[in-house]
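Full structure from sequences and hints, please.
Read top to bottom, the protein sequences are chains A, B and C.
So my numbering is basically just the index in the first sequence, starting at one, shifted up by 3.
So my numbering is basically just the index in the second sequence, starting at one, shifted up by 1.
So my numbering is basically just the index in the third sequence, starting at one, shifted up by 3.
Quick caveat, the hints were computed from the structure, so don't treat them as lab data.
Cβ atoms here follow ideal geometry from the backbone N, Cα and C, with glycine treated the same way.
These stretches of chain A come out as covered by chain C in the derived footprint (C-beta under 8 Å, 3 or more residues):
1. 122-132
2. 142-152
3. 207-219
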Amino acid sequence: MAQELVNPTLGKDLVGLEELTREQITAILDTAETFKEISERPVRKVPFLRGRTVVNAFFENSTRTRVSFEFAEKRMGADTVSISTSGSSVQKGETLVDTARNLEAMRIDMVVIRHASSGSAKFLADRIESHVINAGDGKHEHPTQGLLDLLTIRDHRGPIEGLKVCICGDVLHSRVARSNIHGLKRLGAQVAVCGPLTLMPPDVADLGVHWFRRIEEAIEWADVLNVLRLQLERMKAGFIPSLREYNRIFGVTRARVEAAPRDVLILHPGPMNRGVEIDSDVADGPHSVILQQVTNGVAVRMAVLYLLAGGPAQDVEAAA
Amino acid sequence: MDAPAVEQAVSRIADEVVRLAAGATELVLLGIHRRGVQLAALLAAQIRERSGLALATGSLDITLYRDDLMVVGPRPVVGQTRLPAGGIDGRTVCIVDDVLYTGRTVRAALDELADFGRPRRTLLAVLVDRGGRELPIQADVVGERVEVPEGGRVEVRVPEIDGSLGVDLVEAGG
Amino acid sequence: MSRVLIRGGRVVDPSQEIDAVLDVLLDGGRVARVGENVEASDGTDVIDASGLVVTPGLIDVHVHLREPGGEHKETIASGARAAVAGGFTAVVAMPNTDPPIDSPASVGFVRARGAAAGLARVYPSGCITPGQKGEQLTEIGELLAAGAVCITDDGRPVMNAGLMRMALEYAQSFDLPVAVHAEELTLSRGGTMNEGIIATRLGLTGIPNAAEDVMIARDLLLAGLTGGRLHIQHVATRGGVEMIRAAKERGVRVTAEGSPHHFTLTDEAVEWYNTNAKMNPPLRSAADRDAVRAGVADGTLDVIATDHAPHHYDEKEQAFEDAPNGIVGLETAVGLAFTELVATGLIDLGTMVERMSCAPARAMSLDRFGLGSLREGSVGDVTILDPLAEWTVDASTFQSLSRNTPFGGRRLRCRAVRTIVGGRTVWEGAAR
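What follows is the structure, encoded as structure tokens:
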């Protein structure tokens with residue numbers, strides 16, 4: 004075993020997909036692919052991160068993402084500690100700087116952070132030497148979600164290059180949308196968005212993304228739909244008149260999906276608002292790969308843990 | 002060693018493995034990534050030809066079980082670990098690798114196997130044993146023993162990866 | 004009070020259309036003479052200003068001194084020191100302190116603290132509405148009597164158009180300018196930077212130009228309707244500049260500010276969540292920045308004012324959305340104005356002095372106290388600049404208690420080397 008094949012390095016942290024190269028993203032997806040079988044073993048654990056501690060610092064509530072990370076960390080053999088802060092009793096800013104300093108002092112190897120402020124993952128990454136993985140920072144990015152979406156699309160539709168993917172819903176407020184846009188564009192997909200203009204980010208065309216004003220047009224065009232969750236607060240803030248109207252005009256319904264000229268793949272990051280952005284018979288139907296996204300989520304997070312952990316880059320020499 | 006020499010060695014290994022596995026109804030060959038996998042395939046072909054032993058094959062990637070990864074980066078590419086249907090419980094398993102040197106790779110493979118089940122018996126077959134053990138591990142079947150000068154390397158070539166079959170002794174600095 | 008003779012400097016005083024090498028004699032805290040070869044009698048301090056530029060004291064009409072309530076960021080004394088270090092002999096202090104300056108007692112407090120510091124002259128402003136709540140008018144006449152030179156709710160807009168009309172009309176009785184922070188809150192929606200592609204990529208809510216322009220348009224119309232004196236603060240949009248230009252042509256009594264950061268930087272400075280590039284109104288596009296420069300050049304924006312907004316390190320050391328708005332500006336204003344506007348040939352030195360001394364004095368009616376000019380009898384406030392001094396911005400050397408500037412490490416030209424207030428040297432900078 005004279006010369007090993009090595010993956011490109013990811014740097015110290017995973018803050019977003021915007022800064023990653025095509026090679027880096029592909030390496031994560033390929034590694035995740037080989038890690039899938041670990042979750043099928045009798046002993047669902049490898050000793051790679053044995054003795055290492057990973058802290059899940061979740062300043063925003065999220066059971067599903069946190070649990071997925073915990074599974075990934077435990078399956079890689081790490082010790083995990085989860086901190087959740089409700090955020091209401093503690094001033095957000097103080098907590099973040101103090102958290103950074105305390106974690107540094109405890110000699111933690113890796114931190115997974117979810118926080119309500121855009122840029123908070125980078126804020127933390129710049130201040131501690133531990134590896135930082137962004138589990139969602141405000142409206143900015145949710146890179147592991149973007150990656151598991153890419154893996155799921157690849158599993159079912161083959162290479163991403165040239166695929167037509169439309170992200171539907173509240174793109175303006177969505178970090179999942181941004182990560183998807185960056186990841187898909189980097190791998191050569193054609194990317195579009197669909198939803199009312201009030202929920203579209205300004206200048207999204209400058210990111211190379213087309214806006215479909217009607218869901219029918221989007222479904223007609225797309226190979227893949229990634230349907231985003233629409234929050235009740237958006238109606239209250241005046242972005243849309245009502246959830247009912249949203250479903251009638253923009254909802255991904257069975258009738259619309261079946262009218263599509265091709266077999267459209269349906270993704271959703273969850274949790275779903277059934278009957279709002281997506282109808283149950285689509286979410287549970289044959290085009291949906293929503294549950295596979297969840298499975299892939301653990302493999303992707305294991306791959307990120309694998310590729311990030313470790314010391315500075317050196318030449319790799321394997322001893323047989 | 003040139004290609005014919007390797008094939009001869011594989012035949013000798015095949016016979017010896019069959020002899021050692023006497024009494025087993027079925028043999029599982031697991032090749033260690035990367036080149037051990039191709040050698041296991043060669044070995045399987047030889048065993049089928051030279052005996053009637055029932056055979057299943059699979060592959061083991063031991064990257065995640067290595068004891069030397071934490072201090073280095075970038076991360077090696079992890080290969081596919083695939084065990085044959087039915088697993089390894091109660092079966093006779095033969096681990097196949099290209100070069101046995103410090104023994105650490107085999108140690109990792111044994112740890113990984115332990116997470117999959119409990120074979121009745123585990124054997125180790127290697128194409129080349131170059132000595133230099135750092136752990137108390139020995140192969141049950143060895144194709145060729147080789148003395149390697151200070152700083153030198155043994156490199157095994159397989160067609161699927163390197164385009165040809167053979168074993169090279171590379172001098173220090175080479 | 005001694006006699007001071009400033010000899011041999013290039014005297015630039017747009018109020019008298021003077022730009023020549025002359026001597027300036029100060030006596031008893033006032034300007035006694037400006038002329039050639041002025042005699043230095045016994046007991047006169049002689050200051051050699053050869054190779055330097057001598058101007059009427061510079062005036063910053065928009066500074067936040069944070070006292071009362073924010074003394075960890077700045078005090079009236081430390082702010083006054085930062086002012087003179089930056090070459091300013093007078094500042095107008097904003098009233099959005101804690102508690103805000105909405106009563107005669109608090110106006111008096113600011114005046115007294117400024118006087119006690121004995122550095123730059125500190126002129127208080129008073130709130131338009133009590134507590135800046137935008138509900139009703141403060142006792143504007145009383146605030147003026149206590150020493151306020153303008154009224155403003157800066158930091159917040161007066162959202163109610165009817166109330167804004169009242170403010171403009173009522174303040175007219177006292178010939179008091181109403182200074183406005185133009186922001187339509189339902190359009191800015193809690194945004195933290197300019198609306199555009201960078202905000203989209205960073206996942207930050209953007210503030211569209213329309214949020215300012217809508218209010219600028221409204222306030223210009225109300226100023227036209229009422230004949231009141233309007234002063235529009237920190238103009239950051241090209242639309243705003245255009246509307247002010249047109250309004251002046253119609254005869255509306257409006258003055259306006261352009262701040263150094265708005266004529267120097269764009270929203271690209273925010274890249275990767277730099278909280279020292281976060282302020283309100285935000286840094287905008289290149290087209291907006293260029294329009295602000297052009298506005299300062301042609302006088303549409305009469306005044307260069309810094310909106311000096313000190314914040315403690317801990318407060319800026321937060322995720323972008325949580326950090327407070329604003330940057331310090333007193334100690335970089337002269338360098339930025341000269342480097343970005345004069346050294347580039349956009350305006351000449353006389354225009355820079357006009358924007359930083361004469362026009363600010365007129366806008367806040369400080370000229371009636373003798374500020375903004377070196378005419379005989381004016382106050383003896385003089386700024387001496389070295390236009391050739393090249394220096395690198397180093398926040399750790401600031402006199403301000405705060406360090407929140409995006410200009411750290413930037414190479415600038417021109418610096419105040421001596422600041423004189425009432426005939427007394429209150430600041431001497433490092434020699435070239």
